[in-house]
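If you read the sequences in order, they're chains X, W, Y and R. Using our numbering, you'd call the opening residue of the first sequence number 844 and step up by one each time. Using our numbering, you'd call the opening residue of the second sequence number 844 and step up by one each time. Using our numbering, you'd call the opening residue of the third sequence number 844 and step up by one each time. Using our numbering, you'd call the opening residue of the fourth sequence number 844 and step up by one each time.
Hints may contain errors.
Among chain X residues calculated to face chain W with C-beta under 8 Å, some are [stated by the list, open to error]:
1. Val931
2. Arg934
3. Ile1058
Hint data in this document are derived by calculation from the structure and do not stem from the laboratory. Only a predicted model underlies this, so the values are computations on that prediction, with no experimental measurement involved. Beta carbons are placed, not taken as given, at the ideal position from N, Cα and C, and that holds for glycine.
Protein chains: 4
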Amino acid sequence: MADEREVAVAPARHGGEPSPELLEHLHDPARVLALTDGVFAIIITLLVLEIHVPELTQGHTLTEALAELRPSLVAFVISFILAGMYWVGHRDLFALIRRTDRGLVWLNILYLLPLCLLPFGAGLLGRYDTEPVALRIYGLLLVLIAVMRVVIWLYATNRPHLLWQPPDTRQRRAGLAAALFPGLVYLLAFLLARVAPRLSLAIYGALPVLYFLSITVLRSGRKRNQEYAYFT
Amino acid sequence: MADEREVAVAPARHGGEPSPELLEHLHDPARVLALTDGVFAIIITLLVLEIHVPELTQGHTLTEALAELRPSLVAFVISFILAGMYWVGHRDLFALIRRTDRGLVWLNILYLLPLCLLPFGAGLLGRYDTEPVALRIYGLLLVLIAVMRVVIWLYATNRPHLLWQPPDTRQRRAGLAAALFPGLVYLLAFLLARVAPRLSLAIYGALPVLYFLSITVLRSGRKRNQEYAYFT
Amino acid sequence: MADEREVAVAPARHGGEPSPELLEHLHDPARVLALTDGVFAIIITLLVLEIHVPELTQGHTLTEALAELRPSLVAFVISFILAGMYWVGHRDLFALIRRTDRGLVWLNILYLLPLCLLPFGAGLLGRYDTEPVALRIYGLLLVLIAVMRVVIWLYATNRPHLLWQPPDTRQRRAGLAAALFPGLVYLLAFLLARVAPRLSLAIYGALPVLYFLSITVLRSGRKRNQEYAYFT
Amino acid sequence: MADEREVAVAPARHGGEPSPELLEHLHDPARVLALTDGVFAIIITLLVLEIHVPELTQGHTLTEALAELRPSLVAFVISFILAGMYWVGHRDLFALIRRTDRGLVWLNILYLLPLCLLPFGAGLLGRYDTEPVALRIYGLLLVLIAVMRVVIWLYATNRPHLLWQPPDTRQRRAGLAAALFPGLVYLLAFLLARVAPRLSLAIYGALPVLYFLSITVLRSGRKRNQEYAYFT
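Please put together the full structure from these sequences, using the hints given.
Right under this line is the structure:
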């Protein structure tokens, strides 16, 4: 795969200047994706590690013991679906990216940081779903993830040489909105956690539903909304 | 690798229309497989995480302590073989798939959901192998996995542009039967769990045996059964 | 990458016969390696999951508490080096393999089964290093792994179409010996566990040392020992 | 991808001599990277596995219970950032490497050994941040990692056939300094642990800050410092 830009930058290769072939290797996103997929695989299965086969104590039936596992199971399913949503979003974004640089590599690592804590946040919310502090921690994690997505989107789309094909202005705005909008809603839920915990919880529950609805709507109307063509 | 179909759809690329090269990247199944293999690697080793070196208490010999680990070990082996079977099936199916779309990506994530719970189900059954509730949970997981396999098979084979080569009608039916048949048997075992727990357990134990027998039979007769040529 | 053999087998492609391109995908070893590397990554780090930061109880210093972690640490290092040895061996073997079939896929899964239990065996030996039952379990695992390596080697080298280049008779024998010899030594240690536990333990400890010595010797004499050219 | 060197070494292929294509496979670094990325994914998420949803006991509020998790959380973040730094360094180094040999494969495994223990070291330091023994263990791990980085750098740059493009003398020295310098600082912190624990702790805390500062400085001055062109 010829790399015209780099060739142009380094026409006469001498001394210690990296060759175009080496430059491609230095900027190859493959390992960024490998690490990210590994981390996502662990995040997706993280809460299942906590669902153990119960040991029955006297006077307990297995059905009762299993009923006590229900909050763990609900937290696992929520965390699984959320991690799935974020993974699909990450895959969509990095499908646009042809090369990485150190900035992008680090932004991606910093994106994984709040993501790793998401199963803990989901588990906390599954166990204490009306406690303002649990609602705020969960909201904070979701806001941080959204912030990192916005930062990565702006960073990558401002550097056309990192992309397979630079998006036009409408597409840039659409991508920004897609990352920013959930962040703002989660910020609202975070701010409401103390004064209106039930409303806050309802927002957290509603957003994944909205996500799947919006996919369905966007897909059926994709011919007209060409700016969403990037999001498969 | 030229992508004639997409080129045909987008002959004049202008404004924000994705290039054929980018379209291939957006539909590349590589990361779907990377995530899936990561999740399978965790599932396969999940129950081994629970087999700890025993600490001897007074009057206990190591042999006695290890004997108490036997159900954990049996559950690990069952779960390992089952996950291996499902992984081989997933590999066979996705070897046919050249491109993914958002629907297929999400169906695959939803397939991983009951799969992640399978080690828990196997552990539960290994510990309480005559309890109807354990038999029903295990059966429910196996039925859900079978349902997702059928849905993915129908989804993919109905979209020839996602495949390397569209299967003919006989092959579609053979693939459907291969995914549907175990599901129906597991449904039966699920329904029998309350009235005939021992029969239910026997069915769960018999199916992996049948699986290996059917592979052997199919392979020896593969020349005649051309519709199974896809399943290596 | 042209696949002459398969083209020869399927010159006239009609009905549901898979195309050469699809056949390559069905036999691609990529996912077998991805799953295996994922499992090895977990095995390599498995015992580290059990080394927790100690909580000090009254009258205990941190140095004393850490001293109690020493057997866990030793078991981790042993298990790490062993898994490293097996991973290098697996990488050497599968570097020869161009295509997989269902038999090889399943043999590889069955190879991973005793491997997953190896950290448990190493942990057990680290904790109870003179108990015959611990020595026997550890030896049994090592023998099973060696058996699976022999079986995979024979299976693959008997099927030249699965290989990049068929080995000649001397190379086949050298590969067989490299897999068989440690297995026989471990079998001896297993059999000695009850009557001479200390000798058995000494054998387990000596083999990794022998492994690194033999690498060094083989590498320096590699020009003459052309049959080991495959083992980098 | 033609491999002239190997072709030159083996012009007349006969008997059991590996073909150039097979030789490339035997030296392909792909699986080394796959294993390493898998191990890094686990290391990065290792401490998050220990942050569990607290169960409230009588008279405890959730806020108090969460406050007790703070040291675990701090240890997770430190360990995450450190593992991120090492992963970026590993990615930079192996982007230069075109082929591996057995020596490099084993050096990489031995590099992963202290790395796997780093989360334990970080957790220990997060919990007992003024205890000399904790400071020494943490320092020892960091020194061992630095030693392995230096060894790998020297090993690879002394074998030009393993590299995409051999670095010149200035680049070799720059790479050596980049691996050696933190090692020496950590050695100092290790030696100071007993006599000046607070200073030792300050050094551990300062180095990541210095790392990010030096990146920023090097990047802005990269045109002049051509020897750092390899480090993206």
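What hints, given by number in increasing order, does this structure fail?
none
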